[in-house]
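Asker: For chain A, the structure is supplied; the task is to place chain B on it using the hints.
Protein chains: 2
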Amino acid sequence: MALAAEETGILQEAYPTKARDGLSNYANSSTHERKATVFAKELIKTAIAEKLDKEILLSSKTFCIADLGCSVGPNTVLAVQNIFEAVESKCQYYLHELNSQIPDFQVFFNDYTSNDFNLLFTSLPNDRRYYAAGVPGSFYGPLFPENSLHFVHSSYAIQWLSGVPKEVMNKNSPAWNKGKIHYSKSGDEVVLAYKAQCDKDMEQFLQARAKEIVCGGLMVLIFPGVPNGTHHSQSLPNMILELLGSCLMDLARKGIISEEKVDYFNMPTYLMSPKELEAAVERNGCFTIEGMEGLPLPLPSDSSAVASHLRAAVEGMIKLHFGEKILDELFDCYRKKIDENFSILKSGNLVNFFFLLKRRAAN
Amino acid sequence: MALAAEETGILQEAYPTKARDGLSNYANSSTHERKATVFAKELIKTAIAEKLDKEILLSSKTFCIADLGCSVGPNTVLAVQNIFEAVESKCQYYLHELNSQIPDFQVFFNDYTSNDFNLLFTSLPNDRRYYAAGVPGSFYGPLFPENSLHFVHSSYAIQWLSGVPKEVMNKNSPAWNKGKIHYSKSGDEVVLAYKAQCDKDMEQFLQARAKEIVCGGLMVLIFPGVPNGTHHSQSLPNMILELLGSCLMDLARKGIISEEKVDYFNMPTYLMSPKELEAAVERNGCFTIEGMEGLPLPLPSDSSAVASHLRAAVEGMIKLHFGEKILDELFDCYRKKIDENFSILKSGNLVNFFFLLKRRAAN
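So the sequence lines, in the order shown, correspond to chains A and B.
Here full-length UniProt numbering is used: the first residue of the first sequence is 1, the next is one more, and so on.
Here full-length UniProt numbering is used: the first residue of the second sequence is 1, the next is one more, and so on.
Mixed in with the good hints there might be a few duds.
Identical chains blur together in the list; that is why a pair holds if it fits in one copy or across any two.
As the list claims (entries may be wrong) - Listed next, the in silico DSS-like pairs over lysine-lysine satisfying Cα-Cα at most 30 Å (straight line):
no., residue 1, residue 2
1, Lys346, Lys54
2, Lys90, Lys61
3, Lys90, Lys211
4, Lys41, Lys336
5, Lys61, Lys200
Keep in mind the hints are simulated off the structure, nothing from the lab.
If we strip away everything but chain A, and leave its shape as in the complex, we get:
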């Protein structure tokens, strides 16, 4: 058995788990936009109703659910509650065949060790009808015993790479990402380095899950992505990161931070297209794709909301690399740039993808 080598050092620390919501999940910022979340929930319910094999319910005394990259907050608890209720209601339907024995439910909340599990545990409802456990560690490695999971859920998490690709921070590499903090407007070498990192991460992710999920078990992946054929630079989250990068370069030009410091700061996120995930699933070979949906999100109507969301998302990482002092000036510049570029930003692409995978019986 090979076990999860915990991600350590600066990169792990650099992922404030709160960031996830801020960076890509506009969906909860207003009643209007919450519709996207509601839609994802409905897709999960339908997936369980239509694609979860009866045999799995009949053969498991305990039905195990894992939420990978769970973060903390009401969304974490609601997502799990939604899955639990859908499976339970399916059990009710087969109550006769189950000899009136609904299985026990055990939910594993996973995230990096630096996630606030204390807060997460406090926020679990007291009247929950499932057994809860927290599992620390990177989902790019093994986290659970073999054949122990029946349903895996991961939302707004797999766009975070396991780390920044090494080449983009190597002066002597053609993929050196000088003067930029992300790949979407960089040269092909940089984009390829990011893509290679994502491919490797997805390979490890799917390999680990293939071992952990029982045959017939389901996995739902929700992530912000780029539609097939759309250039990375047309994606709104990427556009916004580019603006942040240009603000950092402005500070460097003013001598407030060194340009070299910017060269060595890169965001460890990559937005996949559906085709890229499909290819990863095919290479892995242990899952079938049972469903895919694009969930286009309404573009934000308010520039200051975008700015403050994004500040919440990236502030922790910036502080860690550049120190606290620059924060106010940086985000001042940032807010202005977002405001100035708002009409361009509104042309950006903002879409989440929903994938439903099923663990194959063979292999």
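Answerer: Chain B in isolation, oriented as in the chain A frame:
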């Protein structure tokens, strides 16, 4: 399925999980005294070697260990490592019958939600060869799915009651514990109320574990107790709490706190005798007792060490009930009393009990 109603409110908050070590586990305070811990470890190894049925290893693809009331700190990790290694070495012995397949190991660290799971997760060794999970909640209720555990360990935890017995804080009850904070020098009614609370807690504890532990599974309980036939007031941990109570009453006499405030403060601990645990196991009926040892501890040689240990143990609870202001004066008084009474304290009884239970096959 009935699920753990989380203990809430002041009592739960009042259990600083660190307290456990301080209150009863002198065993780690010096090399000399660490021998007691080493002895307990050896008992666990022997228990696994001699009493863990081969069939359990052969029938489980994942071997599940739970540490109940795990707290945080090096002892938590070491205790689990000891169990893991002993079971793994037994698997090596039966490697041929296991078709060279050592099972996966999953370790569940349980404690109250208020335990610092963040710190616990950080302290887990990166090269651990087991899957780790944290499980928040009171072990006086269900925590795990049915038939899901193979080995349960609980050390220095079950002497903490689920709460203070209500009668001792009821002015109109004959068990009202006026002017005292513990039962060991109180009237029979108070002692009986504490004992009844302990009986009820142990009933719930054993009932929950009987469901969770597979037939043939083992449970090791280590707790500070009183030898059969020894009066509660002769136990060193109890004597020390009595001194704390008398210091609080001194403060009340000086008008620094109200006497009523002392009346409503009681320590939720009860030290069982082996006979009491045996009776609880017999009433429950689902376990056999496979082994019992008394682990007498060397009496502390240094009064100031006792005082500082105990301050660490109870400070949180005192602060919560009486406020921060009284702490220095209280523990000043406390240190003096421990010093004055040290020769009497040295006559006190300090012993941990080790029980090995096995889940019966029937019922």
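Asker: Work down the list of hints and note, for each, if the structure agrees.
Answerer: Here's how the hints hold up against the structure:
no.	hint	in the structure
1	Lys346 - Lys54	neither (45 Å within a copy, 65 Å between copies)
2	Lys90 - Lys61	both (15 Å within a copy, 27 Å between copies)
3	Lys90 - Lys211	both (25 Å within a copy, 25 Å between copies)
4	Lys41 - Lys336	neither (36 Å within a copy, 63 Å between copies)
5	Lys61 - Lys200	between (35 Å within a copy, 29 Å between copies)
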